[in-house]
Every structure is written in C-alpha cells, then in structure tokens.
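When we follow full-length UniProt numbering, the leftmost residue of the sequence shown carries the number 1, and every step to the right adds one.
Treat the hints with care, since some could be wrong.
Below are the SDA-like pairs computed for lysine to any residue, each with C-alpha atoms no more than 20 Å apart in a straight line [what the hints assert, rightly or not]: (1) K385 / D399; (2) K160 / L88; (3) K47 / I115; (4) K340 / D330; (5) K160 / H82; (6) K385 / I396; (7) K38 / G426; (8) K419 / A140; (9) K340 / E328; (10) K61 / V50; (11) K419 / V41.
Across the chosen pairs, the derived CB separations fall in these ranges [claimed, not checked]: (12) T365 / S225: 36 to 46 Å; (13) L209 / S282: 55 to 65 Å; (14) D106 / K38: 16 to 26 Å; (15) L233 / T365: 44 to 54 Å; (16) T166 / Q119: 17 to 27 Å; (17) A366 / T166: 36 to 46 Å; (18) K198 / D266: 47 to 57 Å; (19) S103 / A30: 23 to 33 Å.
Treat the hints as calculated values from the structure; they're not laboratory data. On a predicted model such as this, the values are computed, not experimentally measured, just so you know. Cβ atoms here follow ideal geometry from the backbone N, Cα and C, with glycine treated the same way.
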Amino acid sequence: MHNLDFGFYFSIIRRRLPLVLVVTIVALVAAVMVVRFKTPVYTASAKLLVEAPQIPTDLAKSTVPMGATAQLLILQQEMTTHDALVALASRLDIYAASPQTPSDEDIVADMRSRIDFRQVQLDAQDPAQRVAIYAISFDAENPLLAAKVTNELVGLVLSKNQRERTIRASSTLEFFDQKAVALDHTLKQLEAEILQFKNDNRESLPESLDFYRSELLSQQERQASLEREASELRSKRGALVAAYTSTDQLPGIEQRLTPDQQLLVDLNKAISEQLTMFSDDSPIIVAMRTRIAELEKRIRLVRKPVVADGKAQNVKSAPFGLDLQLSEIDLRLETIAGEKATIDKRIAALRLSVAQAPISEAGLTALLRNRDNVQKQYNAAIAQKAEASTGEQLEIRSDSERFSLLEAAIAPTKAAGPKRRLLVAGGGAAGMGLGIGLAILLELLNRTVRRPQDITNLLQVEPLVTIPVISMSAGKKRNKPSIASSTWRAGTWRESWRTYLTMRGI
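With these hints in hand, go ahead and build the complete structure from the sequences.
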C-alpha cells in the first residue's frame with residue numbers, strides 16, 4: 001500500500017475520462033435507439049387447476065395412475081412437436097402479419113421460445129393442503145393474438161388430457177377383457193379334458209375307489225355264498241337220486257304240477273273258452289296254440305333219465321315229483337353257474353379298476369390342478385376387469401383427477417417487454433465497461449517512461465535524481481511538470497546508463 005502512487009493513477013484516470021465518457025454516451029444513445037424501435041411484446045396467460053378425484057380412491061380407483069405434473073409434461077412435449085406447432089401456426093394465422101413467410105424450422109423455433117408451461121407456486125405450508133395450479137402463456141406482438149393462442153393451447157391441453165385418460169382406461173379394460181376371455185376359453189378346454197378323462201377312466205376314478213373296494217368285497221362274499229349253495233344243491237341232488245334208486249319212491253314228497261304244467265292246464269282251459277267267441281284263425285287263438293305247443297315241448301324235454309354226478313342211472317321211469325325236484329336243482333345250478341361267471345368278470349373288472357386307480361388319480365389330479373390354477377387366474381382377471389370398468393367409468397364421467405380451467409386468458413393491456421429502462425441501463429453499463437476496458441488497454445500498450453519508478457523498472461537501477469522537462473513555449477505558458485525521463489524510450493537505456501556511470505566517477 002505504501003508503494004502505490006495514487007497521484008499517478010489519478011492523473012491517468014483524469015486523462016482517460018473523456019474517452020470513457022464518449023464510449024458510454026455512444027452506448028446509451030445506441031440503447032435508446034434500439035429500445036425506441038423495438039416492437040412491444042404482450043404475454044397472455046391462463047391458469048389450470050388440478051382437481052382431486054370426485055369419488056374417494058378407497059372406494060373407486062382410476063386405472064390411469066399418472067400424476068398431473070407428468071401428464072402435463074407429456075402434453076407439453078406432444079403439443080410442441082414440429083408438426084403440431086406448424087399446424088397451430090397455420091390454423092391461427094400467427095405469422096400472417098410477417099412480411100415474409102418464415103420456414104417451418106423458424107416457425108417451430110420461434111413458437112417454442114414463445115410458449116411457456118410452468119407451475120404456480122403457492123404459499124401453503126402443509127403439503128397435503130397444497131393445490132396444483134399450472135400456468136400456460138404465449139408471447140405475441142398483438143395482445144389479441146396472444147390471448148387467442150393461449151386459449152387454444154389450454155383447450156388442447158384439456159381435450160387431450162381427457163381423451164388420453166379415457167383411451168388409457170379403455171385400453172386397460174380391453175386388455176383385462178381379452179385376458180378374461182382367453183382364460184375362460186382355456187378353462188372350458190380343461191373342463192372338457194377333465195370330463196373326457198373321467199369318461200375314459202370311469203371304472204378307475206379315485207372318488208369311486210372306496211365303492212369299488214366295498215363292491216369287490218361284496219362280490220367275493222356273494223361268490224363264496226353261491227359256491228356253498230351249489231355244493232349243497234349237488235349234495236341234495238345226489239341224495240334224491242340215491243333214495244329213489246334204492247326205494248323206487250320218494251317218501252314224504254307229494255306229487256305236484258310244475259309251473260309249466262300248471263300253465264299248460266290253464267291255457268287249455270282258456271282256449272276252450274275263447275273258441276266259443278273266436279274262430280280258429282283268430283290271432284288270439286293262433287297265439288295261444290303256439291304257446292301251448294311250446295309248453296308241451298318244454299315239458300317233454302324235462303322228462304329225461306335221472307343223472308347223478310354226470311352218469312346215467314339205471315332207474316325205472318322216475319315219477320313226476322322226482323323229475324320236478326331234479327329239474328329245479330339243475331335249473332338253480334345253471335343259474336348259479338351263470339351268476340358265478342358274471343361275478344368272476346365283475347371281480348376281475350373291480351380288481352383292474354382298483355389297480356388303475358392310482359394312475360387315474362395322478363392324471364386327474366394334474367388336470368384338476370391346472371384347472372384350479374386357471375380358475376384362480378380367471379377369477380383375478382374378472383376382478384381386475386371390474387376395477388378397469390370402474391376406472392373407465394370414472395374417466396368417462398370425469399370423476400377422477402383432471403385439469404379444469406381456473407382462469408382463461410384475456411388480451412393484456414400492458415406490454416411484457418421489452419423492459420426499456422433495464423435495456424437503457426444495461427446499454428449505459430455496457431458502454432462504461434467498454435470505455436474503461438479501452439482505457440486500460442491503451443495504458444497497457446503505452447510504454448512511455450513517466451515517473452522514476454519506470455526508470456528503475458527499466459534499468460534495474462535506482463536513479464540519483466530526476467529532472468523534469470521544463471517547456472518554454474511561446475506565450476510563456478507553463479506546462480504541468482513531468483518527469484524528464486518521460487521522453488526516453490526503451491531503446492536509449494544504454495546511453496543513459498553510460499551517463500549515469502560518468503556522473504558516479506566509475
């Protein structure tokens with residue numbers, strides 16, 4: 001601080017001040033001229049309010065979860081595309097007053113610079129009580145055009161938002177509807193496969209396994225019972241044959257008619273009565289005679305030699321009672337044999353069903369498991385479809401979160417730009433800065449020696465004394481003192497150095 005020569009610097013400022021003032025005044029005049037001829041710009045603004053859902057979300061939820069800010073950003077990008085801006089400018093004749101029709105690229109760049117989307121900041125402290133408000137504005141030289149374009153942008157935002165939310169909700173409903181239809185078709189196919197599997201394996205289904213086991217036990221018991229009965233009948237038959245062979249009679253057994261013999265007697269009586277009313281060629285008489293012939297043939301066949309253990313016995317003509325008992329026993333034995341054959345087949349089938357039951361159970365379990373999984377997916381798809389349908393109704397009725405016009409744009413009465421005072425002040429400040437910079441540049445380029453310090457810096461030696469230049473011009477006007485060495489140039493430093501050495505006696 002002690003080495004600073006304030007007087008020297010003050011003299012420089014005083015000498016360069018006219019230059020700074022001239023540059024500053026020129027810049028001010030230029031700024032005033034620019035502001036005077038610059039066309040005023042008007043800004044029209046409209047406000048949109050984000051309304052909360054009309055129905056609580058815990059009762060009915062929209063299927064378009066996108067927030068208002070994200071939705072507005074998407075709409076902004078869609079509305080500021082190249083084609084959209086060119087179409088908007090053409091539809092509203094925004095550049096009709098231009099002397100030359102600008103190119104599409106210039107229109108897009110200019111429109112993007114004039115359109116503004118922003119969120120209005122409110123002073124609410126509680127975030128839960130804050131209301132989302134967005135402002136859309138447009139700049140134009142005509143206030144009516146600015147308001148017209150702004151309202152057009154707001155209308156596009158409202159219509160696009162409603163349309164896109166409805167489309168999203170409808171697409172969601174269509175997706176779940178197609179999913180439900182596909183799952184329903186799959187479910188029907190699985191049910192048809194299950195039904196076909198049960199029909200193909202109805203004898204070995206797992207739900208009938210207990211029944212088959214109990215039936216198998218019952219058939220086995222019935223088979224044992226029939227075998228016992230057949231053994232008893234064969235023993236009885238042998239005893240009857242042996243008794244008649246030894247005694248030629250059946251004690252304790254009375255002669256009686258067989259059912260066929262009794263029926264034959266009844267038919268003979270009936271045909272005698274019918275002949276009193278019908279002729280011999282009557283269908284009734286013919287049928288009765290045919291029946292009588294069949295009975296007589298059957299009765300004759302019953303009367304045959306007595307057989308015991310498959311061997312004919314040398315017996316006399318057996319009485320009718322013995323033939324009757326033996327025929328009944330033989331008929332019962334034949335019935336038992338046929339029933340046993342049927343039971344054997346049934347037992348074999350039951351054993352096969354019981355053996356195949358685990359295999360059928362595994363296949364049926366796999367089909368049922370697939371059916372249950374698809375059923376769960378189908379039930380979930382139906383529930384999601386119902387939610388999607390509710391969400392679509394909310395969007396169609398505009399009961400979900402939506403944009404609403406809070407304040408429409410009106411033609412502004414005051415221009416938003418240019419800011420004349422600010423531009424003039426900026427021009428003056430720029431001129432002053434330019435003048436100061438020019439003065440500093442001139443001083444840096446000036447290498448004239450104007451003070452002893454300059455000599456010291458140049459020669460790297462401190463001079464003993466400096467003599468100022470005394471100018472005796474005409475009129476004896478005394479100039480301001482200056483340093484004698486101020487006329488020296490950097491090229492004469494060697495001569496000055498020799499003079500200095502001579503004065504020192506070196």
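Against the structure, the hints:
At most 20 Å may separate the alpha-carbon atoms for a hinted pair to count; K385 and D399 meet this at roughly 19 Å. This hinted pair checks out: K160 and L88 have alpha carbons roughly 15 Å apart, not beyond 20 Å. With a C-alpha separation of about 14 Å, the suggested pairing of K47 with I115 holds against the 20 Å cut-off. At roughly 15 Å between alpha-carbon atoms, K340 and D330 fall within 20 Å of each other, so this suggested pair holds.
Taken as a hint, the K160 and H82 pair is honoured in the structure, with Cα atoms around 17 Å apart against an allowance of 20 Å. Pair hint K385 plus I396 holds up; C-alpha atoms about 16 Å apart against a cutoff of 20 Å. Taking the CA atoms of K38 and G426, the gap is about 15 Å. The hint holds against a cut of 20 Å. At roughly 15 Å between alpha-carbon atoms, K419 and A140 fall within 20 Å of each other, so this suggested pair holds.
Between K340 and E328 the CA atoms are separated by roughly 18 Å; this keeps the pair inside 20 Å, and the hint holds. For the hint linking K61 to V50, the alpha-carbon distance of about 17 Å falls within 20 Å, and the restraint holds. With a CA separation close to 10 Å, the supplied pair K419 and V41 stays within the 20 Å bound. The hinted window of 36 to 46 Å between T365 and S225 holds, with their beta carbons roughly 38 Å apart.
With their beta carbons about 60 Å apart, L209 and S282 fall inside the hinted range of 55 to 65 Å. A hinted range of 16 to 26 Å holds for the C-beta pair D106 and K38, which are about 19 Å apart. Range check, L233 to T365: Cβ separation about 49 Å, and the 44 to 54 Å hint holds. The hinted range of 17 to 27 Å is satisfied by T166 and Q119, whose Cβ atoms lie roughly 24 Å apart.
Between A366 and T166 the beta carbon distance is about 44 Å. The supplied range of 36 to 46 Å therefore holds. A hinted range of 47 to 57 Å for the beta carbons of K198 and D266 is consistent with their spacing of about 52 Å. Range check, S103 to A30: Cβ separation about 30 Å, and the 23 to 33 Å hint holds.
The earlier numbered hints are all upheld by this structure, with none contradicted.
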